[in-house]
Structure formats: C-alpha cells, structure tokens
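Chemist: Protein chains in written order, with the working numbering: chain A, 1 to 267; chain B, 1001 to 1309.
Hint data in this document are derived by calculation from the structure and do not stem from the laboratory.
Only some residues are given here: those of chain A computed to face chain B with a beta carbon under 8 Å:
{"id": "1", "residue": "Leu11"}
{"id": "2", "residue": "Ala14"}
{"id": "3", "residue": "Asp96"}
{"id": "4", "residue": "Ile97"}
{"id": "5", "residue": "Leu99"}
{"id": "6", "residue": "Arg101"}
{"id": "7", "residue": "Arg260"}
{"id": "8", "residue": "Ser264"}
The calculated lysine-lysine pairs, modelled on DSS-like cross-linking and capped at a C-alpha distance of 27 Å, are:
{"id": "9", "chain 1": "B", "residue 1": "Lys1029", "chain 2": "B", "residue 2": "Lys1079"}
{"id": "10", "chain 1": "B", "residue 1": "Lys1079", "chain 2": "A", "residue 2": "Lys89"}
{"id": "11", "chain 1": "B", "residue 1": "Lys1115", "chain 2": "A", "residue 2": "Lys10"}
{"id": "12", "chain 1": "B", "residue 1": "Lys1079", "chain 2": "A", "residue 2": "Lys10"}
{"id": "13", "chain 1": "B", "residue 1": "Lys1115", "chain 2": "A", "residue 2": "Lys89"}
Ideal Cβ placement from N, Cα and C applies to all residues, glycine included.
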Amino acid sequence: MVDAVFVWRKLVGAQVRSQLQYRMSFTLDVFGSFWISFIDFLVVLTIFHNISRLNSWTVHEVAFLYALSSITFAFTDLLIGHLDQFPQKIRDGNFDIVLVRPRGTLLQIVASDFASRRLARVLQGTIVLVYALSGLSIHWTAGRVAVLLVSLPSAVVIFGSVWVVGACVAFWTTDGGEFTNAFTYGGTTMAQYPFDVYGTWLRRLLGYFVPLAFVCYFPALYVLGKPDPLGLPRALDFLSPAVAAAAACVAGLTWRFAVRHYRSAGG
Amino acid sequence: MIEVENLSKRFVVRRGRFRRERHVVDAVKEISFGVERGELLGYLGPNGAGKSTTIKMLTGILVPSGGRVSVGGLDPSRKRIELARRIGAMFGQRVQLWWDLPLLDSFQLLRHIYKVPPGRYRESLARFREVLELDAFIHTPVRQLSLGQRIRGELTAAMLHGPELLFLDEPTIGLDVVAKQRVRDFLVEINRDDGVTVMLTTHDLGDIERLCNRLLVIDHGSLIWDGGIPELKERYGGERVLVVDLEGPSEPLQVDGATVERVEGPRQWLRFRGSASELTARVAAAARIVDLQVQEPDIEEIVRRIYMR
Ligand SMILES: Nc1ncnc2c1ncn2[C@@H]1O[C@H](COP(=O)(O)OP(=O)(O)OP(=O)(O)O)[C@@H](O)[C@H]1O
Ligand SMILES: [Mg+2]
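Using the sequences provided together with the hints, build the complete structure.
Modeler: The structure is reproduced here in structure tokens:
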C-alpha cells in the first residue's frame, strides 16, 4: 500500500511536470476553470439567497450539503477525472503498455494523469463551505467531527468506485465515455440537493443502486443534528465507510474481470 | 523458457454502422512451439498473419481463446505482474517513454515501477548509455528525439530491469541502415553476453539473417515453418542458379537438369537442382566457359515463395 502510494506520487509527479512543459496552456487552463467555477458559485449563491427554505432545510444547511458534495466530487475529479479519456486508451491499444509493467493496472491508470486545473473546483466547494459554516451554529462534538472526517474520504471512494465501474464498460464497448458521464455528473447534481425533494422511486434507485446517498446526505444530517425527514434508521448516518469499502470491492472485482476482456488493437 | 501448445486467439468484431454483424477473425490458430533459454528467435509473417497477437498472448496482454502458454514457467495472463518483472517488451509502434519529459526521467520512473535497486540501476544505465550512445540526447524531451534515438531509448527502457527474456515487435521499423545496425549489434550483444532470450517479429529479412539462429514463420494464423535458416533455404530454396560467361553470344544452352532462365550477350543464367560441379561439367562439354558463378537464393526470395504458396 505504502509502495503503491509511492509509485502513484512518482507517476503523478511526472504528469504534473509534463503539464508544466506547456506553461502557457497550463496557466490558461487553471484560470479558465477557476472563472467557470466562480461563476458557478455566484449562481449557487443567488439561488440560496432567493429561496429561504427548501422543505425543512435552511439556506445554510443546503449550502453545507452542497459544499460537502461539491468538495468530495471535485476531489474525485481531481484524482481520477481523466478516466473520461480511458476509452481512448482502450481503443488505440495503449493499454498494452500498462499490462507489461509489474504494477496493478488500476493504480497505473489512476496515476496516468492528474487534472491540476480541477483544483479550482475544490476551492469553490471550500468557499461554499465557509459560507455555510458562517451561518450555522454547529455544536462540534467528537462524534460529529469523526463522522465528517470519515465520511469525506469515504465519499471520494464511493464516487471513484462508481466511476471505475463506468470506465470498465469501455472494455466491451470500447466507447464507454458518455455512459460514465451521464452516471456520475447526474449523480452529483442530485447529491447536491436534499434528498426528499426527489420522488420515492428515484430515492430508492439511488439509495440502493448507486449508493450516492451515503456520500453526503446522511453524514450531513448527523453533523447538522437534523432528524431524517424520511424517518429512515439513524444507523445510516454511520454507514458511509462500510458502503465505501463495499463499493471499492465491487469496483476492484469488476475491473479485474473487465481487464481480462481487453482486446488490444492491431499492430 | 517458452512453451506454447495449440494456442489460439479469436476476435469477434462487429462490422457495419446499422446492422452490426458479428464477424469472427481467427488471428492465431492452434500454434505450438517451444523456445529454449538463450535463443534468438525470429518471428516472421506477412501483414495480419498473427505475429503481434501471439506476442501479446506471450506477454500477458491478451488472454488466449484456447490452448496453453507458459513463459518462464508462468501463465502470462494469470501471473501477469510476476512475469512482467522477468520480461522486457518493446512495441515498435507504441511509445512507452514519457512523451513530454527528458529521456532520463523515463528511466528513473521505470526504475521505481520495476523496483530496481539503486546500484543495479546505475550499473545498467551506465552500460546502456555507452553501448547505445545515449549521452548526446539523454536530457532531451522524448517528443524531440528522432525515431532512431527514441528506439534506442525504448530498448534501454525495456532492458533496464535486467529481464531474462525480451519480446520485440518490429524493433527496427522505420530505421535507417546505420540505426538498424546499431540495434542489431545491441541485440546480439545482450543475447551473447547476458544470455537474454530474444524473440522478435520483423518485416526486415536483414534482421533475421544477421541475428536469428531460428525462424518461425506464421501465415493466416498457422505456423508454417519452424527451424533454422539453412534448412529453410534447403527446403524452399532448393533451386540455385549457375551463371556462366561463354566466349561469345550464343543460343540458350541445352543441358540436362537445368533450364536457362535468362540470356544476356555471352552470359547465361541456368536454374538447377543438385550438384553444381556435375552441371558445370555438362555445360563445359557443350561450350567453352570463360567464367562462372553459383547464386544461392536469398532469404527474401524464399520468403516471397513461402508467402505466395
Ligand atoms: N484487437 C483486435 N481486434 C480485432 N481484430 C484484431 C485485433 N488485433 C488483430 N486483429 C486481427 O487479427 C489478425 C492478426 O493481426 P496481428 O496484429 O497479429 O498481425 P501481424 O502479424 O502483427 O501483422 P503486421 O505485420 O501487419 O503487424 C488480423 O487479421 C487483424 O485484423
Ligand atoms: Mg504486428
């Protein structure tokens, strides 16, 4: 594990150095995405200011939920957002090179790129978080801090697992990019707004099939000290690490299975 | 070192935009062969014969559809990581080096990926720098290297971790004569001095003739030749050509056991099988010979004949 992190750092370091070779385009990228994020943030702020309540949620509570989801998502995006381009690697047969090296294939793929420009989105989420906290008076117990500290990385793992499973589709279709995107980007928008706004069937779907609910909703309820408006068991508030572990297992097994279906390309 | 038994690979491809028809391609059909430690083996075949597909199954990139493979005692697709530490692979059409970074950075990254101990790394890098003359461009970003320079870098990358077995898929593709010679010398050296087993595919028959002591020929997925180059010449190139210079222009000679292929002034080309001295005696009985020469068929001619069968 320590060794894997070491290799990840080496490979990502190489990637960042490569990006810095094109300083101009790198700077423009970071600036561009920062501006987009900033405008996104202004839009969110406007919405928050024009509605005072969303069901039983105050504006700052919604902002808190939005920030948690946004930060974790942006962080996942930062780490493995380049899985979007993975189908291309499959199509042109460049996955061959990953397979002749004595390291896990998933590790190599995850470390094969690093979207530094997406740091701007993490920053945007952090600003929203500061805004939310400024209007909330959370009583920080040890339990709440712990739930938050465990839930955030768990959320990243859950998001990441969904993404990896989506990327596996590429081994069969050789063109799974769009499929994964609809899945995850759709997923975050939902996780950013309170769950009970959506219909029951959708909640079931997400709660059972794509366990995005654990990503932010239940931990946020716990930290905010709110009763679940849906009356679901409170144990759910603490389940995110378990869900993350399960999701990672499913993603890992799916990946292993999928790699055996790699067909390479002629040459 | 390598054992292959009835190895097959079938690709199912879907063709057409609307009615996606299933289409089966048998890229490799039940081939069997074995390779001993220390061999330098050439793998030859026309385009689309199944060479790359075979190499990919031997290196654990593709999972075979049938048959059995064992490389260094391991099943390549199941023990991929273990095998990867012991073999080196280079694909002439793919770039394994880090495109935007100096060549040296790629070597350092590979050192970590392969967990090469620092001492061993320094030693082998120093050696490759010398043998492949990398010093002039080792600090240049890979994207700025010429093809020949990059291939030398790729070879170093494939060898840095000291593999016992090296797979090369078209290592000399696109190289000029000098660069080709350098690569060939390098391969001979690592094979002779380090005992590295080498298996290479190529379309360059010069590679095969200068390097390989054994040749596999594959066509349409089936193995059609496995053996040495002299035996191949004997089998497919049994016919030789006797070139005789006569005193002056004359009618095509009529001698038993030979047919005149070509006449150019006093010079005639006679295609024959069997003993050259017997034929020479027969020709000498029919006409005065000023000069003569026996032409062996070259490997290119032989391969052309095999492919056209
Ligand atoms: N990934 C793939 N998907 C479908 N068909 C493939 C794939 N790779 C190879 N083939 C087919 O399998 C056959 C053998 O291909 P292969 O690449 O092994 O040939 P080759 O001997 O390496 O040829 P070349 O000399 O042109 O490199 C070809 O008919 C090719 O079209
Ligand atoms: Mg090929």
